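So you can see what is in the structure, the chains are spelled out below.
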Amino acid sequence: MEHYNMNLTLKVWKQKNAKAAGRFETYQVKGISSEMSFLEMFDVLNEQLIAEGKEPVAFDHDCREGICGMCSMYINGRAHGPWHHNTTCQLHMREYKDGDTIVVEPWRADAFPVIKDLVVNRNSFDHIVQAGGYISVNTGNAQDANSLPIEKQKADDSFAAAACIGCGACVAACPNASAMLFLSAKVAHLAYLPQGDVERKERVVNMVHQMDKEGFGSCTNIGACEAECPKGISLENIAKLNREYMVATFAGDR
Amino acid sequence: MPLNNRIPAGDLDTKWEKYKSTCKLVNPANKRSIEIIVIGTGLAGASAAASLGELGYKVKAFCFQDSPRRAHSIAAQGGINAAKNYQNDGDSVYRLFYDTIKGGDYRAREANVHRLAEVSGNIIDQCVAQGVPFAREYGGLLSNRSFGGTQVQRTFYAAGQTGQQLLIGAYQSLERQVALGNVTMYSRHEMLDIVKIDGKARGIIARNLVTGELERHFGHSVLICSGGYGNVFYLSTNAMGSNVTAAWKAHKQGAYFGNPCFTQIHPTCIPVSGDHQSKLTLMSESLRNDGRIWVPKKQNDSRKANEIPADERDYYLERRYPAFGNLVPRDVASRAAKERCDAGYGVGASKQAVYLDFAAAILRYGKIEVGKQGLEHVSEADIIKMGKEVVASKYGNLFEMYEKITGENPYEVPMRIYPAVHYTMGGLWVDYELMTTVPGLYALGEANFSDHGANRLGASALMQGLADGYFVIPYTIGNYLADEIRTKSIPTDHPAFVAAEKEVFDRINKLMNIKGTESVESLHKRLGKIMWDKCGMARNEKGLQEAIEEIRALKKEFWSNVRIPGEVNEFNPELDKANRVADFIELGELMCMDALNRNESCGGHFREEYQTEEGEALRQDDKFMYVAAWEYKGDSQFELHKEELVYDVVHPSARSYK
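Which chain is which? The protein sequence lines are A and B, in order. Here the numbering used here is used: position 203 in the first sequence is 203, and no number is missing along the way. Here the numbering used here is used: position 59 in the second sequence is 1059, and no number is missing along the way.
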């Protein structure tokens, strides 16, 4: 891969804290290598700002290998930027060319209030899991792992849903700021498995209720969530969630 | 104080059973008034917090990330070992125990490792019950694969995301306890000191990373589950926030630090591409099942990989270690790559890389497919196409990750890889009960030193984290807390809390008021370079002595010239980082002292003065069959204590992979 350097204009959302008004700030960065990751480009920007005696841009990041779900930038109108099935930390600068302007915003949703600059509070996701995103089994209660065979297809479907990294791109991408893809991935992960069967009705009802309480919007089947999901979580999970919810609320044996 | 490892008497295979049956218990009513603080929510912390909450203790859990689900255990790829013997291939508790002791180059404690092997099976049961979607066969039963350093298939996995799935399982159990009110979760909080009262750990000072406020929290006991310290090298496969701060504060409050120089350099990581590099990405050990590692036979060969004919390639692992070939353990593979690159045979722009080549595997799998499907007259291009599909089904996600980072397609050109810092076997010294040398202060998972000796085997870190949290601490902590039931919660206006908070406050203000010219990042990079060059894959006396001097000078510079922007009482990631780097600098010095003291080579610790004629590690069992446990005595002052390692069952011998 031929390597090249570039100069860029960045328009970045700056906001002192949750209460302050925010605004876009424009920065110039020079000599950015095409081999850098997008966040390494931000490292360069921040080092430059610190050297100039200015305040760096706050952004969330941790593993920088696409699995922790911490990074959360809205880049030129796309959650996690332009690459398919990708997190911000895995986006690399060879996507851009000299002279480009890049606009970077935080996730925008009422349920994800801004903490500072590009950092948002995603505790609402934890609250949804607390409402039922688990199987009630205390340590020490388990039987032998192979005493419960599970069809490979179901195990694979469950895994595909459980691959969600809880980053919130689905919410950020959705015009309604709905958390349906996140919620449905957790419901589906547990509903595909026999271990999840005992609590499946309560789980789905309680989790949906909690999602509404957190201030997420409604799902209108737009599909932006699936398109922007870095882990390819499928819309089929939402269909599965709706079935689970219907059965739980109309079956009458709750 | 002499070190007492509190290993129970009796035969190795009955110690744990006997301990569990005879340790003291805390009754359910008393558990409700006992508070436990857990620092870190990775596999060890989340499993401990959830299990202790289930038992009825009042738990407070802390993590610096925005959610406990993001702890770096999430990034573990390959799998988790367990002695289930589901494959009927001769596995047993003893074999897992033996492989781990041998893999650790005879520098781990027999009793701890045996217990780890004993509970390994329970972990898989527990995780399946929680709904962890492990890989399965068509019959619906669990699938296994094999990892380095073993001859059986005992590794359970969930694609290349085993750590993620196990952590989500523990996280869900943790959130259930939060919902039930047994655990209070403090995310975006960092522990900045341990509070001791009458010699016992009784709480912590934590900083709320959103508001910058300092908080005092009481606990009858404190558990450090904060992971490893690989980021002392700046570049590592750790997450950006992974740090030693909680463990280091514990150390400065009296917890000894065990074998700090034992670090694991993983052989297959994506190489550094330039000075801008912020972290390194691992390519799973499983790739060495099918990839062949080579460099050109000619020095400074500038041809592209595909232009170099087969007879001009040096498959150096196959050449040096015909018995194990590309599947030698991590420490051996890493040193061999360094040796070739240092000798001028490295590849890529930086010349600090070797090839990991899948061309042969693609061809082999393609031919197998042709045979399976009974096809005739198939062109080589079609065979390769079929082979690529097979390779994609095994390693697709890793190949995709490689391409995203490097922009190169590993199906067409060999991967370029180089060793990188990955895991730290050293950590807080703990006894059999996982208690440090401070009463009431425990260390679990990668944060302790106990189970992996001088080199950890693949797929054993997840096993140890969950063993400690799910199946060890729920028993051993009761043995301590049974004597604490009369201790009422201590109000946090106690003078010890006031004094500890003042110390933290003063230190933060001191840092903020330096107002120098150099950024935290830049000072951290300089520390990393010293550590990597002189306390990395190969170490020698002169280099280590130089490193100690250089680190002391760097410490002075840090405390007189660091520049931290922003304010104390706000969200300030640069200040968080400064707190961590200040501790890494102190730890780095101790690591070099430990490496200098250990005049032998073992596992990941390679002292150039101690090697065989063929360049293999040379242990000095008569002098160094001990755990080096360092006591903090003041600035740059550490006293060495030794815990002799006694092998009752396994007989240490030289590891050979030839």
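Treat the hints loosely; a few may be bogus.
Pairs of lysine to any residue, SDA-like flavour, derived with a Cα cap of 20 angstroms [said to hold, decoys possible]:
id: 1; chain 1: B; residue 1: LYS1525; chain 2: A; residue 2: GLU47
id: 2; chain 1: B; residue 1: LYS1510; chain 2: B; residue 2: VAL1568
id: 3; chain 1: B; residue 1: LYS1084; chain 2: A; residue 2: GLU47
Non-contacting residues of chain A with respect to chain B, defined by C-beta distances greater than 12 angstroms in every case (computed) [to be verified]:
id: 4; residue: PHE24
id: 5; residue: CYS68
id: 6; residue: PRO175
id: 7; residue: SER234
id: 8; residue: TYR245
Honestly, the hints are just simulated from the structure, not real lab data. Nothing here was measured: the structure is a model prediction, and the numbers come from that model. Backbone N, C-alpha and C define an ideal beta-carbon position, used for all residues, glycine too.
Structure-based check of each hint:
1. Note on LYS1525/B and GLU47/A: the hinted pairing holds, with a Cα-Cα distance of about 13 angstroms set against a maximum of 20 angstroms.
2. Our distance criterion of 20 angstroms between C-alpha atoms is met by LYS1510/B and VAL1568/B, whose separation comes to about 11 angstroms.
3. With a CA separation close to 51 angstroms, the supplied pair LYS1084/B and GLU47/A exceeds the 20 angstroms bound.
4. With a closest Cβ-Cβ approach of about 19 angstroms to chain B, PHE24/A is found to remain outside the 12 angstroms limit, as its non-interface label requires.
5. The beta carbon of CYS68/A sits about 4 angstroms from the closest Cβ of chain B, which is not more than 12 angstroms, so the claim that it is off the interface is violated.
6. With a closest Cβ-Cβ approach of about 24 angstroms to chain B, PRO175/A is found to remain outside the 12 angstroms limit, as its non-interface label requires.
7. The Cβ of SER234/A lies farther than 12 angstroms from every Cβ of chain B, with a closest approach of about 15 angstroms, so its non-interface assignment holds.
8. A cut-off of 12 angstroms between C-beta atoms confirms that TYR245/A is not in contact with chain B; the least separation is 19 angstroms.
When each numbered hint is compared with the structure, violations occur for hints 3 and 5.
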